[in-house]
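**Q** Residue strings, one per chain:
There are 2 protein chains.
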Amino acid sequence: MNTSEFRRRGKEMVDYVANYMEGIEGRQVYPDVEPGYLRPLIPDSAPQEPDTFEDIINDIEKIIMPGVTHWHSPYFFAYFPTASSYPAMLADMLCGAIGCIGFSWAASPACTELETVMMDWLGKMLELPKAFLTENAGEGGGVIQGSASEATLVALLAARTKAIHRLQAASPELTQAAIMEKLVAYSSDQVVATLGTTTCCSFDNLLEVGPICNKEDMWLHVDAAYAGSAFICPEFRHLLNGVEFADSFNFNPHKWLLVNFDCSAMWVKKRSDLTGAFRLDPTYLKHSHQDSGLITDYRHWQIPLGRRFRSLKMWFVFRMYGVKGLQAYIRKHVQLSHEFESLVLQDPRFEICAEVTLGLVCFRLKGSNKVNEALLQRINSAKKIHLVPCHLRDKFVLRFAICSRTVESAHVQRAWEHIKELAADVLQAERE
Amino acid sequence: MNTSEFRRRGKEMVDYVANYMEGIEGRQVYPDVEPGYLRPLIPDSAPQEPDTFEDIINDIEKIIMPGVTHWHSPYFFAYFPTASSYPAMLADMLCGAIGCIGFSWAASPACTELETVMMDWLGKMLELPKAFLTENAGEGGGVIQGSASEATLVALLAARTKAIHRLQAASPELTQAAIMEKLVAYSSDQVVATLGTTTCCSFDNLLEVGPICNKEDMWLHVDAAYAGSAFICPEFRHLLNGVEFADSFNFNPHKWLLVNFDCSAMWVKKRSDLTGAFRLDPTYLKHSHQDSGLITDYRHWQIPLGRRFRSLKMWFVFRMYGVKGLQAYIRKHVQLSHEFESLVLQDPRFEICAEVTLGLVCFRLKGSNKVNEALLQRINSAKKIHLVPCHLRDKFVLRFAICSRTVESAHVQRAWEHIKELAADVLQAERE
Chain H
3 MNTSEFRRRG KEMVDYVANY MEGIEGRQVY PDVEPGYLRP LIPDSAPQEP DTFEDIINDI
63 EKIIMPGVTH WHSPYFFAYF PTASSYPAML ADMLCGAIGC IGFSWAASPA CTELETVMMD
123 WLGKMLELPK AFLTENAGEG GGVIQGSASE ATLVALLAAR TKAIHRLQAA SPELTQAAIM
183 EKLVAYSSDQ VVATLGTTTC CSFDNLLEVG PICNKEDMWL HVDAAYAGSA FICPEFRHLL
243 NGVEFADSFN FNPHKWLLVN FDCSAMWVKK RSDLTGAFRL DPTYLKHSHQ DSGLITDYRH
303 WQIPLGRRFR SLKMWFVFRM YGVKGLQAYI RKHVQLSHEF ESLVLQDPRF EICAEVTLGL
363 VCFRLKGSNK VNEALLQRIN SAKKIHLVPC HLRDKFVLRF AICSRTVESA HVQRAWEHIK
423 ELAADVLQAE RE
Chain E
3 MNTSEFRRRG KEMVDYVANY MEGIEGRQVY PDVEPGYLRP LIPDSAPQEP DTFEDIINDI
63 EKIIMPGVTH WHSPYFFAYF PTASSYPAML ADMLCGAIGC IGFSWAASPA CTELETVMMD
123 WLGKMLELPK AFLTENAGEG GGVIQGSASE ATLVALLAAR TKAIHRLQAA SPELTQAAIM
183 EKLVAYSSDQ VVATLGTTTC CSFDNLLEVG PICNKEDMWL HVDAAYAGSA FICPEFRHLL
243 NGVEFADSFN FNPHKWLLVN FDCSAMWVKK RSDLTGAFRL DPTYLKHSHQ DSGLITDYRH
303 WQIPLGRRFR SLKMWFVFRM YGVKGLQAYI RKHVQLSHEF ESLVLQDPRF EICAEVTLGL
363 VCFRLKGSNK VNEALLQRIN SAKKIHLVPC HLRDKFVLRF AICSRTVESA HVQRAWEHIK
423 ELAADVLQAE RE
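Chains H and E supply the protein sequences, listed in that same order.
Note that the first sequence covers residues 3 to 434 in this note's numbering.
Note that the second sequence covers residues 3 to 434 in this note's numbering.
Next comes chain H alone, as it looks inside the complex (with noise of 0.2 Å):
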């Protein structure tokens, strides 16, 4: 494909995307794809002589379109939401042209200086105490990694290697395997301290267990990989409050602050931990400001080395839309699952699970866990909205998570006279 035809098809994709995300309502929410559906309708190995672009094209719809879950339909409240927005597609796109592999600052400079202003940046939108910070040449910084488990890793090992070297000066004759068994990670079950779990969005108190890490010496990492962007507000400010006692600290701007996947942001305390633990120097990497304290060379911060120019998205994203644009999202998510969390209290069939602090309402059919089964089952087999589970303790819980980008009060209620009407069918063939 020469340019000109890039020009031509580039332009008829741009079309195909703003098509498919017009008309994603009039879409089924979940498919009706059976496993295995894929492989007959494809050749089973590549071809020889190129395919037309037509012929691909055709084959989204033919192929693909039958197989998706819409993350981003307004009827999906699945999960946690996954980013989208226009801002920051037109930035992914420049960010695949431009296409270089920012492991080091000489690289690609632009790659890894924008993002640590833009790190900065979002570490004031969420008042981070400014020990997180790279500006004023203080010793934290930020880093976009492409996932919370990522980060959570990078944390881990940045700490496990901080204790061995601490360990190493205090008892220079214990053994590693001495060591190794010596060392502790404390967890809730739900791993690290995390601000808004997966499971009903709670919170780990850190005014409790951040002064106590600290006393002990002991790496506090604190997750808060869904409910972060919703510190950008200041009434949602104060569940980060604690985070001052925290080593590092991370969250999902790709989740909910409408930067695409991927990009999980990370701070810490000491850049001096993380580069300590994961530094590589062959010679091939090395470049002349390396060793002038002026630069960052973000593989020394992260697992893989590669790094695509992610910053762009966030530099896009949060100029098109300001801060003001991007609390506005979120308390319009937030107000959404307090419209369905009032819909639910007014239905004496139904309780709720948990407190609704953010975008997340876990609710139930008062009854066993068997009805509520029953009707998570009809309702995802109806597929008009799509939602899952959860256990709280031992009960089975519906998560009704707001998702999308283009999710209004209409489809939250019309969701609720969905799922009451299902709720009226389980019950009454229970009654049978």
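Identical copies carry no separate label here, and so any pair may be met within one copy or between two of them.
With a straight-line cut-off of 27 Å between C-alpha atoms, the simulated DSS-like cross-links for lysine-lysine are:
#, residue 1, residue 2
1, 288, 372
2, 64, 126
3, 164, 184
4, 64, 13
Since the hints were derived computationally from the structure, they do not count as laboratory data.
What you are looking at is a predicted structure, and each value in this text was computed from that prediction instead of being measured.
Once you have looked at the hints, place chain E on chain H.
**A** Positioned in the frame of chain H, the structure of chain E alone reads:
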């Protein structure tokens, strides 16, 4: 930004990208900026009110481009290539729009199933042993990881879990620490068995190492991050001989197979070795098909939970180039590296430092490391081309890697003329 503005801006961005690609040869391959250049050029926090798209697109040329190292310039010969093609960019636009997070089959069946089939397609292009494929209900299979580092880490963790289980079964009295002390990972000075090292593109002999690993029940992971793409050409396939002894194998189509970053292809002979090490099953991720044996939940194959619909890029690229087109692309790069090699060999002041097998030429001025360091410094200061060095034993060596999709013989010739001129200056300066 609403959908109709996206239609307009998206098409503008397509043109921006096309213009960038078309004009990239005219841009200086390596930027002039100094560390810290970017921060003073932008505000120190995000705007409260939205900026316009015009503001942003203007800032790309003012703020971003001056700090970009142009990896896709035909004068970029540094590191290894990172893939870039129009079909992959088009696929990525679609991937961003669908925006599903494919952690389970149910989270978007098409995302999982296309990935499985594309990994079979690619495995067949490489003539991988059938044991690595999913089709015909084998025990093996492929998965897209974000990077070779992640693939290696996944392989190491799976190997570790397997070894621990074996030791626990054989000697139930052993403590965990005692088991940990018994674990050994063997590696060369480039880590794990490697086909095509970054330094000089050397190859480990799998036919020697493989049988020993199999006999000793040791996990063998083979990393061909860069070189792997070449194995789609029959004349290079012999370099992969011995992969039949491996437990896991990976290479990066995002380096040299025209699939934009990130796309690291990994295969294992036994899927259960991965899923045994990484299984994660909270209620909210369970779905009705998961224990049917019919489906794949890729979250059990990797470190992160989330994953993009990356197989779309493979599908677009494989179809729009065809196997023959991809082979022709690899062959062109290899031919250009041999062309550069023969230019070097014609000049008695220079020497070739490692066998040229694929797209990398390691060369130097006969003489001291100092004179070669001076040459590299002149080359990278002139910024007409961009190279990075390596050390081979004690020798400081220059690496000339064929990288850009659009590099032609004329660029290689011009690069060599330029290197010769600077070498003359360096040798002259040394004599004075």
